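S.K.: Once you have looked at the hints, place chains Y and L on chain Z.
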Amino acid sequence: MRSSRVRSILGIFAMLGVTAALYLGLIWAPPDAYQGQVQRIMYVHVPAAWVAYLAFFVVFVCSILFLWRGSQIFDQVAYASAEVGVVFTGLAILAGSIWGKPTWGVWWTWDARLTTTAILLLVYVGYLMLRSVVEDRFRGARYAAVLGIIGFIDIPIIHKSVEWWRTLHQAPSVMRPEGSTVAPPMLFTLLVSVAAFTVLYLYLLAQRLHLERLDAEILEKNREA
Amino acid sequence: MGQWNYIVAAYLATAVGLTGYWLSIKRRIRRREDLIRMAGRDKG
Amino acid sequence: MNFFQRTWTVLWKDLRIEGRNREGLNTLLFFSAILLFLFHFALGPDRTQIGAAAGGLLWLGFILMGLFAMARTFQVEREEECLEGLRLLPGDPGAIYLGKVLWAVVLLGAVEFVTFLLFGLLFSVDIWTRLVSLLGVAVLGTVGISAVGVLFAAMAAHLRAREAMLPLLLFPLLIPVMLAAIQLTQMILQEGSIVGQGHWVRLLAVFDTVFLVVGFLTFTFVLEE
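Protein chains in written order, with the numbering used here: chain Z, 1 to 225; chain Y, 1001 to 1044; chain L, 2001 to 2225.
Read the hints as simulated data drawn from the structure, not as lab findings.
Treat the hints with caution; some may be incorrect.
Said to hold, decoys possible - Chain L side only, calculated, beta carbon under 7 Å to chain Z, not exhaustive:
| # | residue |
| --- | --- |
| 1 | Met2155 |
| 2 | Leu2168 |
| 3 | Leu2169 |
| 4 | Pro2172 |
| 5 | Leu2173 |
| 6 | Ile2175 |
| 7 | Leu2203 |
| 8 | Phe2207 |
| 9 | Thr2218 |
| 10 | Phe2221 |
| 11 | Leu2223 |
Said to hold, decoys possible - Cβ-to-Cβ under 8 Å is the rule here; a few derived chain Z residues that face chain Y:
| # | residue |
| --- | --- |
| 12 | Gln37 |
| 13 | Arg40 |
| 14 | Val44 |
| 15 | Ala95 |
| 16 | Trp99 |
| 17 | Asp136 |
| 18 | Leu204 |
| 19 | Gln207 |
| 20 | Leu211 |
| 21 | Lys221 |
Unchecked claim - Derived CB-CB ranges, DEER-like:
| # | chain 1 | residue 1 | chain 2 | residue 2 | range |
| --- | --- | --- | --- | --- | --- |
| 22 | L | Thr2027 | Z | His169 | 52 to 58 Å |
| 23 | Z | Leu187 | L | Leu2060 | 39 to 45 Å |
| 24 | Z | Leu191 | L | Arg2047 | 52 to 58 Å |
| 25 | L | Thr2209 | Z | Ala183 | 39 to 45 Å |
| 26 | Z | Arg137 | L | Asn2002 | 35 to 41 Å |
| 27 | Z | Arg2 | L | Val2201 | 53 to 59 Å |
| 28 | L | Leu2168 | Z | Ile73 | 27 to 33 Å |
| 29 | L | Thr2209 | Z | Val133 | 41 to 47 Å |
| 30 | Y | Val1008 | Z | Ile73 | 36 to 42 Å |
| 31 | L | Gly2198 | Z | Asp136 | 43 to 49 Å |
| 32 | L | Val2210 | Z | Gly36 | 51 to 57 Å |
Keep in mind that this is a model prediction, so the values were computed, not measured.
Even glycine gets a Cβ: it sits at the ideal position worked out from N, Cα and C.
So here's chain Z without its partners, still in its complex pose:
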């Protein structure tokens, strides 16, 4: 199957998924017992965060494979996934912040999960910066792969340390952002949203990868010329 055909199909499924998730999240799912309607924002924040972690896991695996095997495709997927991941991380933080205002009264709090997500953003924005600053494409790929490996391994360590730090300086927050996801319709909506965002990620990844391969093609042509 030609790559443009694959991308179109992914795109269609992504749109279907997002539409379904929108309907479920905004209309079908019941409001939360404690948080009220605002809890619906979690159907955006949680999937976005999930996709971000997925994207960076892909970067991690591809980085290892690239260093080990040397095939350019691994590097291309890693770069593409990192960029998409940064976008979703930013969205997760944005949605989380907007949820925080009516819930906690503030736009930002140094709660463990928000802080870790913000650090995540810094790490992978750094990844993208490293890529753009290194002129030699092949050296840049290697450096980024090392960062892609180190960054991902560091994530659980960062999370733990921020969590412990937080409990030192403030009591752990009582409210879990997902709300009472015990309720089946809410859990269902959440799962559909996560699935929809995952397909959307795959679509965006495919498009961004196509861009990467075009760049490689141009580089090749320049070299031949």
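M.R.: This is chains Y and L only, laid out in the frame that chain Z set:
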């Protein structure tokens, strides 16, 4: 219902962000494809 | 030459170069003195203020010094154009990595030692009874900073925008080390012991081990032409 303001804001921001990103990829792809097509024309 | 001999050669070479003009050491010592004066001016003469913030302030200083030291680890090679020479060293590039990490720990450790003494002097804090624990924590933290820092310093040695990139890439990754070191140092200064803080020590140990291994394995890719 002040709550719905926040919900709309969050959903809208996400939609705008994702669409904007998607468009930026599309735009960059189009530019590359134009470049390749023009290069082909020059050579041929 | 076996692995340990090679590691020692790298370390010894850097020690001797530094010993000749002591530029790095002097700069760091001077920096540490300025830092302590800044603490005083920033927080005022109130001893309780400084007491509450000492751990954080000291490690803010240490990480800034660490960043400077990291940039310096390959500076000599870069200035004298002997990066090539490093690469041609026969055998495991991991030995170069470890040699550089040890060198960084020695250099920073010496400065941290002096900083603790100066701190005790300038702020009338009893340092002597706690010096061993403080240095223990300092070494654990510095190993962590160096394990990751040397890897990225080697990358930065090849980049034009090197100095700017290093702190941007390193700092988010080193947050767990910072949090652990700050908390432990604060406890030692205030309580004299680290009872109940064992988890932070474990975190540092895990961080150091994990990233020494990762650094050791990936250094060869950073050194490649």
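S.K.: Confirm or reject each hint.
M.R.: Hints and how they fare:
1. Restraint check, L/Met2155 versus chain Z: the minimum CB separation of about 5 Å is within 7 Å; hint holds.
2. Proximity of L/Leu2168 to chain Z holds as hinted, the smallest CB-CB distance being about 6 Å (cut-off 7 Å).
3. The beta carbon of L/Leu2169 is positioned within 7 Å of a beta carbon in chain Z (closest approach about 5 Å), and the interface hint is therefore held.
4. Look at L/Pro2172: its Cβ gets to within about 4 Å of chain Z, closer than 7 Å, so that hint holds up.
5. At its closest, the beta carbon of L/Leu2173 sits 5 Å from a beta carbon of chain Z; the interface hint therefore holds under the 7 Å criterion.
6. The restraint placing L/Ile2175 at the interface with chain Z holds, with a minimum CB-CB distance near 6 Å, inside the 7 Å limit.
7. Given hint, L/Leu2203 at the interface with chain Z, holds; its Cβ is 6 Å from that chain's nearest Cβ, closer than 7 Å.
8. The closest approach between the C-beta of L/Phe2207 and any C-beta of chain Z is roughly 6 Å, which is under the 7 Å cut-off, so the hint is satisfied.
9. A least Cβ separation of about 5 Å between L/Thr2218 and chain Z falls short of the 7 Å threshold, and the interface hint therefore holds.
10. Checking L/Phe2221 against chain Z by beta carbon gives a least distance of about 5 Å; that is within 7 Å, so the hint holds.
11. Against a cut-off of 7 Å between C-beta atoms, the interface hint on L/Leu2223 is violated, since the closest Cβ of chain Z lies about 10 Å away.
12. For Z/Gln37, the interface hint holds, the least distance from its beta-carbon to any beta-carbon of chain Y being 4 Å, beneath 8 Å.
13. Interface restraint check: Z/Arg40 against chain Y, minimum CB-CB distance 5 Å, threshold 8 Å, status holds.
14. Contact between Z/Val44 and chain Y, as hinted, is supported at the beta carbon level, the nearest pair being about 5 Å apart and thus within 8 Å.
15. Interface hint status for Z/Ala95: upheld, as the beta-carbon distance to the closest one in chain Y is roughly 5 Å, under 8 Å.
16. Proximity of Z/Trp99 to chain Y holds as hinted, the smallest CB-CB distance being about 7 Å (cut-off 8 Å).
17. Taking 8 Å as the C-beta cut-off, the interface hint given for Z/Asp136 is violated, the closest approach to chain Y being about 20 Å.
18. For the restraint placing Z/Leu204 at the interface with chain Y, the shortest Cβ-Cβ distance is roughly 7 Å, inside the 8 Å limit, so the hint holds.
19. Below 8 Å, beta-carbon pairs count as interface contacts, and Z/Gln207 has one with chain Y at about 5 Å; its hint therefore holds.
20. A cut of 8 Å between beta carbons decides the hint on Z/Leu211: the least distance to chain Y is about 5 Å, and the hint holds.
21. Evaluation of the Z/Lys221 hint against chain Y yields a held restraint, the C-beta minimum of about 6 Å falling below 8 Å.
22. Range check, L/Thr2027 to Z/His169: about 34 Å between beta-carbon atoms, so the 52 to 58 Å window is missed.
23. Between Z/Leu187 and L/Leu2060 the Cβ separation comes to about 44 Å, which falls inside the hinted range of 39 to 45 Å.
24. A C-beta distance of roughly 56 Å is found between Z/Leu191 and L/Arg2047, which places it inside the suggested range of 52 to 58 Å.
25. Checking the proposed 39 to 45 Å range against L/Thr2209 and Z/Ala183 shows it holds: the Cβ atoms sit about 43 Å from each other.
26. In this structure, Z/Arg137 and L/Asn2002 meet the distance hint of 35 to 41 Å, their C-beta atoms being roughly 37 Å apart.
27. For Z/Arg2 and L/Val2201, the hinted distance range of 53 to 59 Å is satisfied, since their beta carbons lie about 56 Å from each other.
28. Our hint of 27 to 33 Å for L/Leu2168 and Z/Ile73 holds, since their Cβ atoms are close to 28 Å apart.
29. The beta-carbon spacing between L/Thr2209 and Z/Val133, approximately 30 Å, falls outside the hinted interval of 41 to 47 Å.
30. At about 41 Å, the beta-carbon gap between Y/Val1008 and Z/Ile73 stays in the expected band of 36 to 42 Å.
31. One distance hint, 43 to 49 Å for the beta-carbon pair L/Gly2198 and Z/Asp136, holds here, with the actual separation near 46 Å.
32. Distance hint for L/Val2210 and Z/Gly36: a CB-CB separation of about 43 Å, inconsistent with the stated range 51 to 57 Å.
The earlier numbered hints that this structure contradicts are 11, 17, 22, 29 and 32.
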